[in-house]
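Peer 1: Both chains are sitting in their own frames, so use the hints and assemble them into the complex.
Chains V and D supply the protein sequences, listed in that same order.
Each residue of the first sequence is one higher than the one before, starting from 92 at the first, in my numbering.
Each residue of the second sequence is one higher than the one before, starting from 3 at the first, in my numbering.
All clues given are correct.
Simulated pairs of lysine-lysine, DSSO-like, Cα-Cα distance not exceeding 30 Å:
id: 1; chain 1: D; residue 1: 214; chain 2: V; residue 2: 447
id: 2; chain 1: V; residue 1: 253; chain 2: D; residue 2: 214
id: 3; chain 1: V; residue 1: 447; chain 2: V; residue 2: 253
No lab work stands behind these hints, which were simulated from the structure alone.
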Amino acid sequence: MLGALTILVPALAGAAAFMLREHRARRALLVGAAVAHLLLTLAAFAAPARPMFDGALLLDEPGRLFLLITSVLFLAAAFYSAGYLEREMRGSRPDMIEGRLFSNSPEARFTGCLLLFLAAMSFVCMARNLGLLWVGVEATTLASAPLIYFHRHHRSLEATWKYLLLCSVGIALALFGTYMLALAGGGEISLNLNALMAAGPTLDPVLLKAAFVFLLVGYGTKMGLAPMHTWLPDVYSESPSVMALMSTCLLNVSFLAILRVRQVLAAAGQAQFGNDLLVFLGLTSMAWAAVFLLRQTDYKRLLAYSSVEHMGILAFGAGIGGAGMHGSLMHVLAHGAAKGAMFLLAGNVLAAYMTKNVSEVRGAVRALPFSGPLWVAGVLALTGMPPFGLFVSELAILRAALAGDRPFLAVIFLVLLAMAFIGITTAALRMAQGENTIPARPEPMSATWPPLALLLAALLLGLYQPAPLAAVLAASARLTGGF
Amino acid sequence: MLSLVEFILVGLVLTNLVLLGTSRIGLCIRMVAFQGVGLAFLPLLGHGDLTWSSLAISAATALLKGWAFPTLLFRSLESAHVRAEVEPYVSYSGSLLFGVAALAVSVWLGGRMPLPGPGVPQLLIPVAFFTILVGLFGIVTRRKAVSQVVAYLVLENGIFAFGAVALRKAQLLVEMGILLDVFVAVFVMGIAIFRINREFDHIDSGRLASLKE
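With the rest of the complex left out, here is chain D (with noise of 0.2 Å):
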């Protein structure tokens, strides 16, 4: 079983790179929509049996992280009428070479963790803070609106990923509770996306600036 969640890890790290480096915006929400996927096994395989609970969560977390994100995400894109891509302020080649930099700190401070017992895969702790890393990464660099929500979802999904580590016992009433608020976070950025687009003829999160002292 361990080698499976190993490869749903090495995987989210290489789906990071492609968001690092990608200039789609469409690519990027395929991207995040797959480490979805990947991350809804987490739950049935971190800790031995199988519990209708888990079952419940990874169920929920498929459907949302893989089919509503992206399929809210790509509306609001349709409806903004703008060239699907990223414009960021750092360059594609800048990103990677943070992502590089960002991969070997976390590797460096996931060694540094006490992992919470057997069973646990050393990769995990790691993966985790290098996909918050490069979400927050992206929510900075990243100048359309879209973007900075997909790079939202990437910091969400790290998080997701270190809590599957953390919070051995699935608790379901919180970790539904913790989708729900995220799905309706997208949602009502989604709604944000397409009222800015309307206001402003454009996505370009950076030039909204004329609130300040």
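Chain V extracted, bound-state conformation (with noise of 0.2 Å):
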């Protein structure tokens, strides 16, 4: 029953903050809560899976390892919110690109959405029945839709009608892909993970193969994977950096979707099938990314395009199959803690700089003396240089290539993250170096701590898993396909 608190807790607490007015109770609130979830995510990892209301919810292994990502960012999320709040309460200013003015949108919205969020991927991460994962799934883009028009001006509003439009007409084909999953079955069985996986052999193989590429696309669409990943550059770079660090894990629990979906492919014996389209999406939305990260002038798209990249490095993982989906689930663990600090740290160096424009920011190391050395250090994280967590799973996921049938495969995978590197570093650097164009400023600690505790926790991952982790991983990899 521990796993469904994780859904009631964040729920009710989100359903709380809309109810309250005063600021300073909401803030400890969210942050009381974002605590609580992951005191309740640890507990469920020492506690076995029980199913939970007839078998519908049932906090598995992949399920307690997209949990734990998604508590812990949200965690780093909540602390850095409690002071971003803050300072964000400035009422009606001049807009830093356009010079129009405009104002937030009400704080008790911001945060009641944000833990309606959690409590909608924690549901996702439980979810198994796959029509209560579809439900889920949507629910988070419901939920997350405000939070991308915290800032009121058009931009915004432009990616948050972006955003509902095609995540919505993404799901819907996701909805039609699970009940062409249902007709597979012949329309008597249910849609419950267990009772697919059982009929595995019997699921009629060309429908079956139909639904798959349905809720591929329909779920692809919310990870992120090109050609279908057109909202999220545009999200990435017109919300606020908390919703950004929050939709890396809505990726990932998209990403689980798509490996549930998998699990009943492999159990009817057509896994080659997924793993060759998993592969291909895969491979498109790194080179994809790689072209866009190559000739990108804001900050902010260039984290969203990393972003495109990295789920394609998942999707590649899962697609090898084995040890590549070893390496592909713990690539979600070590992104998420990478990318998430990258945001804040995105943030911060905006709130400082007031520019997106890259080449507009120089010096940051000297003029920001804890965001700016971060970033370094983060950019370094996100490209898979040794010894942040990214290099082992990428890695792992490159050996697993090269050992498979395919070895080409390894080489074209390597040459988009290279590219992919050439791109982030010779932006994200320049921004670094130089003569700092604004005079350095102390920094608050509630926008450092976060950064630097996720940062670390990248690090951690790349030098030592505790056992019970590495165990986690291990189930889980075999569970969605690996060995």
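Peer 2: Now the structure itself:
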């Protein structure tokens, strides 16, 4: 039942946040709920997995893994937003790009939606029924849309509309795929993952493949796989950093949804078909992102395209299977931590320099005594430098690809990684170096500790994995089609 | 009983064609509401015996698709003070031509799909495909935010019809969850339309084009 509490606690806290009028109390509630969620998640790690609500919910190993990274990132986001919301209370002010006046949407709505968003993501981690899984993923879209429109100007509104429409249509296609999966079972079996996997070999192969294509396109839209990723750079560049951080969790749980469907495919003996599609989409995303990373002038969009690249790596690793799946799941953790830190740091840079343009930010290391050096460390972590966790996971995927029957895929993978590395480092390191264009300024604690903690987590993952975590990683890889 | 299902399905095809050919947004909203009410009967007629869960799903569908969505959409249309015309990128006759082609493709595709069992009308899968295609076409070719939401609802109706065939055992929890999500989606989109109108003095989503590389 501990698992169910990770849905219930943020949901109730979210509802309460809408009602609370006192700003301080609401911020305390946000942090309190985040701490409680992490504690519940850790407690659920220790307890054996028990089906809840007639088998509709079950916190199995992959679910635990994704719940853990979601919870950790949310805690960082909660600590960061406590200070961020305090600094943001400035009423109507000119927009830094066009100079038009804009104001924030009510803080209660922001906090409430953030907590509901967490509840929806916990639900997705546990959903055992593919229909409920769909309900959860769509709920994450709806809870997060108001977060994008926190700064009420026309660009964020445009991003919100794009996000709502593209993701809703994508998700509608996933629902179509889910129904098709039911049809593949003759319409008589339920959408429960266990029932579908048990019926595996009797499922109609043609319908099953068609269902997987629809589900991959649908959840792939939410995951940000190219060419369905077009909403992602706009949303990341126009929403507050906290939302950008949380959407990293969003991409992750969409990946989990795809892995769940892949389990059914594997049970029906059609794993190869799914793997080929995942490898293809993964490499497409990496290539697409690499091209846009090389000529990017906006650092928030730079991070967004880096997310597209990393989602490509996840799909590629999952498609390679075996040790690649293990690497992919580890990459979920390492990338989540590193990217989360980078989004918060990008928020700090934006607050100091008041521009999103790469060429207008110089000497961040000197101007921002904490965020500047952390930004450099974050770039190294994100581009897979040793000894960060991303290096280990990318190496695992690369080795699995080399050992597989199509080693040329590993070569393509490596070339695309190199292109992305060049794109990110040229832009991001240039921002850190040089004479500072703004005077050095002190930084608030709440803005520097969360990214530092996340980067340390990314570093730790590369050096040492605690035994329970390693066990869950191995079990998840086994369940989702590794070995 | 079968003839009533077929009657609803033919109604779905006809309303789709009206949706493609009409210029008034108000009529489009009413057509989608008609579709919704018709679809609400499918859970009752699809598979023999009446159960409480299929009754509940049917009632909720009728209430949401027939009443709540049109009310929300009409309200956001009024708040936007815009000319109630669809203003598509593709002409009405072009849209109708697309409709005919989409119908042909759907019938061909539907013929190749296995039916889950006896008692399911042959028409259901082609009609569901056709409705989904019309919805997707509408989202791409309609300029106004309200008409895009209408098209999204058409798409959803098509998927709902398909689900009525695919899921022969009514699953209350799942169906209710899906309905709730679609309701919140339309609600949030309605608020977004209101905001777009306040910010831009129009709801022409084609002019939401400042974010690009």
